[in-house]
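K.L.:
Make the complex out of the two chains shown on their own, each in a separate frame, by following the hints.
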Amino acid sequence: MSDQEQQLRRVLKDALQEGEPAATPSFNRLWAAAQERREQSATAFSGWAETFAAGAAVASVVAMGILIAVNARKNGDDQLPDTALYARLIAQTTWASPTDALLDTAARYPLGGLPELPAVNTNPSLESLL
Amino acid sequence: MTADPGLEHNPLITVQALQALHDQSYSWALSCCRYDRGEAADVLQQTYAYLIEGSARFEGASTLKTWLFAVIRNVARQRARRYWLARKLFMAAADVEPAQEGTAAQDAHQRERRKRVLDELRQLPGRQRETLELTFYRELTIEQAARVMGISIGAARVHYERGKRALAARLDRDLINE
Numbered sequence: 003m004s005d006q007e008q009q010l011r012r013v014l015k016d017a018l019q020e021g022e023p024a025a026t027p028s029f030n031r032l033w034a035a036a037q038e039r040r041e042q043s044a045t046a047f048s049g050w051a052e053t054f055a056a057g058a059a060v061a062s063v064v065a066m067g068i069l070i071a072v073n074a075r076k077n078g079d080d081q082l083p084d085t086a087l088y089a090r091l092i093a094q095t096t097w098a099s100p101t102d103a104l105l106d107t108a109a110r111y112p113l114g115g116l117p118e119l120p121a122v123n124t125n126p127s128l129e130s131l132l
Numbered sequence: 427m428t429a430d431p432g433l434e435h436n437p438l439i440t441v442q443a444l445q446a447l448h449d450q451s452y453s454w455a456l457s458c459c460r461y462d463r464g465e466a467a468d469v470l471q472q473t474y475a476y477l478i479e480g481s482a483r484f485e486g487a488s489t490l491k492t493w494l495f496a497v498i499r500n501v502a503r504q505r506a507r508r509y510w511l512a513r514k515l516f517m518a519a520a521d522v523e524p525a526q527e528g529t530a531a532q533d534a535h536q537r538e539r540r541k542r543v544l545d546e547l548r549q550l551p552g553r554q555r556e557t558l559e560l561t562f563y564r565e566l567t568i569e570q571a572a573r574v575m576g577i578s579i580g581a582a583r584v585h586y587e588r589g590k591r592a593l594a595a596r597l598d599r600d601l602i603n604e
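First to last, the sequence lines map onto chains R and L.
FYI, my numbering numbers position 103 of the first sequence as 105, with every residue one higher than the one before it.
FYI, my numbering numbers position 44 of the second sequence as 470, with every residue one higher than the one before it.
Here chain L stands alone, though its shape is the one from the complex (with noise of 0.2 Å):
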């Protein structure tokens, strides 16, 4: 088997298969990095070079998918530690809102709602926000989403099924049955 030029260290992955995960990928990359456009973008280009160096390979023990989005975690949550000081002091703004295109000719009903949403999951533990995102939005099982984070699957449905009561008491029965 040939590998991709650029991928000599990852010859079970092809350039192809990570072009056609990129949009979900830069979807999880923005999840990780609190929704800051220019550092989901870094942490992604970086997760591409860990590729590239062989740093970070994949054996085939998953799905490319879910192995990806591990390593993209990885390196956001490395990227958030050394780069923790400086945000504090010069990127404080970068705690910023969710993408809010095409919200314009939404009506105010439909963004306070999902404003709403948005917040509640927020307010939830890391984990069970994380698990729920990966399962519920991601599509991914739970299994998938354990190794994702790098727990057992036993605690990821803990966190799931905590994630879930937690959010369905938080948003009332209007909310969910709208």
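Only chain R is shown next, with the shape it has when bound in the complex (with noise of 0.2 Å):
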């Protein structure tokens, strides 16, 4: 190291030598600040990460129920959800059992079957209906 250097090494140490401060505030308090920063700082992030959470979830439902109102108000019955599909089938459908007019009057009536009616009419009132 040079004269010169070695010089302004001593002046430029003299200089923030005297510039340092009379007192440092006590590392206890300083680390114990630090240490109260942390944990709040860390309740804070859980609270706000849990009501983050929380809203994201409502959110998500949300959007998901406009999306599918305005997909089927645009693309019309095609993008309804299958479920919704089915249950307007069944409410618009007419249950008919065509096969038991094969059956025998027997196995049709189990119970005896119905009363015999008579071939000819005997009612005179209904003379005008045929």
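It is worth saying that the hints were derived from the structure and are not from the lab.
Incorrect hints may appear among the rest.
The list that follows gives simulated cross-link-like pairs (lysine to aspartate or glutamate, EDC-like), each with its CA atoms no further than 20 Å apart [to be verified]:
hint, chain 1, residue 1, chain 2, residue 2
1, R, Lys15, L, Asp449
2, L, Lys541, R, Asp106
3, L, Lys491, R, Glu22
4, L, Lys541, L, Asp462
5, R, Lys15, L, Glu565
6, L, Lys541, L, Asp468
7, L, Lys491, L, Glu587
8, R, Lys15, L, Glu485
9, R, Lys15, L, Asp468
10, L, Lys491, L, Asp468
Covered by chain L, per the in silico footprint, the following chain R stretches (three or more residues, Cβ under 8 Å) [said to hold, decoys possible]:
hint, segment
11, 5-11
12, 30-41
13, 52-60
Glycine included, C-beta positions come from ideal geometry on N, C-alpha and C.
P.N.:
Structure (structure tokens):
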């Protein structure tokens, strides 16, 4: 190290040393404050994270509902969920059992069948209908 | 190896080691904060908080002092960027002179001399000023100063040489040889 460099080092060191603060804040105080800050930020983050998660869940449900409604309006029934289509189909269907007509009387009326209707009309009031 | 309570995320550091470096750390924080004492205390507190939570993790690749100085410098720069506008608007007075304790009894010549040296030092570009302060005053090697500043050793050597030459040129011979 040259003489000039040594002199420069000395001058600089003197100047900076004189500028040193007389009182340094206590280590224990700063350390305790840092620990407190750490705990506070951890708690704050935890609360914030829970709120964010709940908000995100609600928002996703609402967004999905809106998306389904908008799609159904735009594209008609094609975009409805299958369950809605099935429910609508069942509500509009009349059920019948055409195979019953093919069974014989005993099978169709297992409790003895219907009373036999007379083959000849005995009620004069119905004459006009013939 | 059992970590100190509060330093579970930084098992290679002990509270005693930090305590031993505390004065130097505060002094370096002051230098990084343009001698704003409140800000320097906040920077140091935030640095300790990072150590506690493990955001800054000491791996033993350098000395603790070098690593801690680098963390302090980064925290100070991070805060300076974050609070730049607020500082501009409300804290113009934060750009204060270095501490003046104990100067009342010093003679005017000494005070004037010191002020000139510090003024000239501040006129240097930031990296040159930091390199000279870290090597001349904080007793770090150029390699350690490079680690603190996050630059290559070659770049630190260039800053060191240029800073040294510029400062010597600015300070007249009488002042250096006094």
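K.L.:
A separate judgement is required for each hint: does it hold in the structure or not?
P.N.:
Now for the hints, and whether the structure bears them out:
This hinted pair checks out: lysine 15 of chain R and aspartate 449 of chain L have alpha carbons roughly 16 Å apart, not beyond 20 Å. In summary, the hint linking lysine 541 of chain L to aspartate 106 of chain R is not supported, as the alpha carbons are separated by about 123 Å, beyond the 20 Å threshold. A hinted pair counts as satisfied when its Cα atoms are at most 20 Å apart, and lysine 491 of chain L with glutamate 22 of chain R qualifies at roughly 18 Å. At most 20 Å may separate the alpha-carbon atoms for a hinted pair to count; lysine 541 of chain L and aspartate 462 of chain L meet this at roughly 17 Å.
The hinted pair formed by lysine 15 of chain R and glutamate 565 of chain L meets the criterion: a straight-line CA distance of about 10 Å does not exceed 20 Å. As the CA atoms of lysine 541 of chain L and aspartate 468 of chain L are separated by approximately 26 Å, the hinted pair breaks the 20 Å bound. Restraint check for lysine 491 of chain L and glutamate 587 of chain L: not satisfied, since their Cα atoms lie roughly 23 Å apart, outside the 20 Å limit. Note on lysine 15 of chain R and glutamate 485 of chain L: the hinted pairing is violated, with a Cα-Cα distance of about 31 Å set against a maximum of 20 Å.
For the proposed pair lysine 15 of chain R and aspartate 468 of chain L, the alpha carbon gap of about 26 Å is over 20 Å, so the pair is violated. For the hint pairing lysine 491 of chain L with aspartate 468 of chain L, the CA-to-CA distance comes to about 19 Å; that is within 20 Å, so the pair holds. Using a Cβ-Cβ cut-off of 8 Å, 5 residues of the segment 5-11 of chain R lie near chain L, which meets the minimum of three, so the contact claim holds. Restraint check on the segment 30-41 of chain R versus chain L: 7 residues with Cβ-Cβ distances below 8 Å, three needed, restraint holds.
Residues of the segment 52-60 of chain R with a Cβ under 8 Å from some Cβ of chain L number 0, which does not satisfy the need for three, so the listed coverage is violated.
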